[in-house]
Amino acid sequence: MPRRLCYNQNMPYYLLTAAGPDKAGIVAAAAEILYELGCNLEDSAMTRLRGEFAILLIFTAPAKTSLTELRRRLQRLEKSHGLTVQLKPMKPRETLEPPRPQRLCLVTVYGADKPGIVYRVTRLLSKNGVNITDVTTHRTAAGTAKGAAGYILYLEGELAGADTDRLQGLLQDLGRELGVTVALKPVDAEPL
Amino acid sequence: MPVAAHRIILFPDPLLKQPSRPVDRADAAAAQLLTDLTDTLHRFPGVGLAAPQIGVLQRAVVVDITRSTRREKKPPRHHGLIALLNPRLLRREGELVFREGCLSVPDFLGNVRRAAWIEVEGMNARGETVKLDTDGFEAVALQHEMDHLDGVLFLDRVENVKTDLFRRKNYAPRPPASTPAATPEAG
Numbered sequence: 001m002p003r004r005l006c007y008n009q010n011m012p013y014y015l016l017t018a019a020g021p022d023k024a025g026i027v028a029a030a031a032e033i034l035y036e037l038g039c040n041l042e043d044s045a046m047t048r049l050r051g052e053f054a055i056l057l058i059f060t061a062p063a064k065t066s067l068t069e070l071r072r073r074l075q076r077l078e079k080s081h082g083l084t085v086q087l088k089p090m091k092p093r094e095t096l097e098p099p100r101p102q103r104l105c106l107v108t109v110y111g112a113d114k115p116g117i118v119y120r121v122t123r124l125l126s127k128n129g130v131n132i133t134d135v136t137t138h139r140t141a142a143g144t145a146k147g148a149a150g151y152i153l154y155l156e157g158e159l160a161g162a163d164t165d166r167l168q169g170l171l172q173d174l175g176r177e178l179g180v181t182v183a184l185k186p187v188d189a190e191p192l
Numbered sequence: 001m002p003v004a005a006h007r008i009i010l011f012p013d014p015l016l017k018q019p020s021r022p023v024d025r026a027d028a029a030a031a032q033l034l035t036d037l038t039d040t041l042h043r044f045p046g047v048g049l050a051a052p053q054i055g056v057l058q059r060a061v062v063v064d065i066t067r068s069t070r071r072e073k074k075p076p077r078h079h080g081l082i083a084l085l086n087p088r089l090l091r092r093e094g095e096l097v098f099r100e101g102c103l104s105v106p107d108f109l110g111n112v113r114r115a116a117w118i119e120v121e122g123m124n125a126r127g128e129t130v131k132l133d134t135d136g137f138e139a140v141a142l143q144h145e146m147d148h149l150d151g152v153l154f155l156d157r158v159e160n161v162k163t164d165l166f167r168r169k170n171y172a173p174r175p176p177a178s179t180p181a182a183t184p185e186a187g
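Protein chains in written order, with my numbering: chain A, 1 to 192; chain B, 1 to 187.
The shape of chain A in the complex, shown without the other chains:
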């Protein structure tokens, strides 16, 4: 059963996505606007990729505050901090936490960069019923003039009904084909 996270019809949910050149004060500026509007910050993921900072944030707003008003105020971030801002009202079912997954896995891939690493690995996973929840990738600079750049891909996913041994075998085959190191290991996520 999906768990209902104190969803309140009187407090509509919104998803804010914003990204722009990194500098000190972006989170504070966004949080200040939401605070002044009487909004509650719920779940968020914010990170910096190279010189860009990105915000992915769920918040609730007072029912009396219109979407137009929220947009108007949040769009100030475009001028003040050079962010691209998007605001999406969430449907009630989108605000629910997914059921706790039975099995999580971590897939790590690294080796010389080449086109198709992310595509081939994630296609294999999706064909085998793995639902990806987190992805981090990094391309390293080439070590020497003739040296290849390196690529690192780490992802976490829900295994659902996938057969771990079979999936590991398929990933090993793909790793050999792509010339990269691939590993799949279960993630222990027990509440203690």
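Hints were generated in silico from the structure; no laboratory data involved. There may be inaccurate statements among the hints.
[Claimed, not checked] Straight line, CA to CA, 30 Å or less: simulated DSS-like cross-link-like pairs of lysine-lysine:
no. : chain 1 : residue 1 : chain 2 : residue 2
1   : A       : K127      : A       : K114
2   : B       : K17       : A       : K185
3   : B       : K17       : A       : K114
4   : A       : K114      : A       : K185
Got chain A sorted already, so can you dock chain B onto it with the hints?
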């Protein structure tokens, strides 16, 4: 014979995935390898280096955590420069998670779980058996370098995407492989 020192092999060079051979005896070549490793370490902002990182597939490591400039306080307990041939883990206790980097994997960090205390045996440049035990940062550095001898990178030991991975916070342009980078890291 050791190749010329002062160049660090960078990921994705497949050499880093190769297991290293034991050093047969502490002869002049082995002593030179430890000297090359130490010299190279001193030219880079790292606290440790393993022979594969300078292109030599032999079991030799150097660690010197006093080279770390990042820590506010020097750790209370350390051995200064540790230079070992054929290092072997004898005992391990406890666990700690440390955010590691690697001179061979620039611009990337990962949280790795290691033993908090280790006892290691190896051979010094004079061929004498050396046994030492250590904990904390120095233990982490030694384990990281010994992993290199088995072709294992810290990338193999990260356990969780959500909390164990952190991109390097400083994206300053990386100098060429032959010159020191800007921040200290394990080798």
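Checked hints:
A threshold of 30 Å between alpha carbons decides the hint, and for K127/A with K114/A the separation of about 22 Å falls inside it, so the pair holds. Between the alpha carbons of K17/B and K185/A the distance comes to roughly 19 Å, so the proposed pair stays at or under 30 Å and holds. Restraint check: the Cα-Cα separation between K17/B and K114/A comes to about 18 Å, which is no more than 30 Å; the hinted pair holds. At roughly 24 Å between alpha-carbon atoms, K114/A and K185/A fall within 30 Å of each other, so this suggested pair holds.
Violated hints: none; the structure is consistent with every hint.
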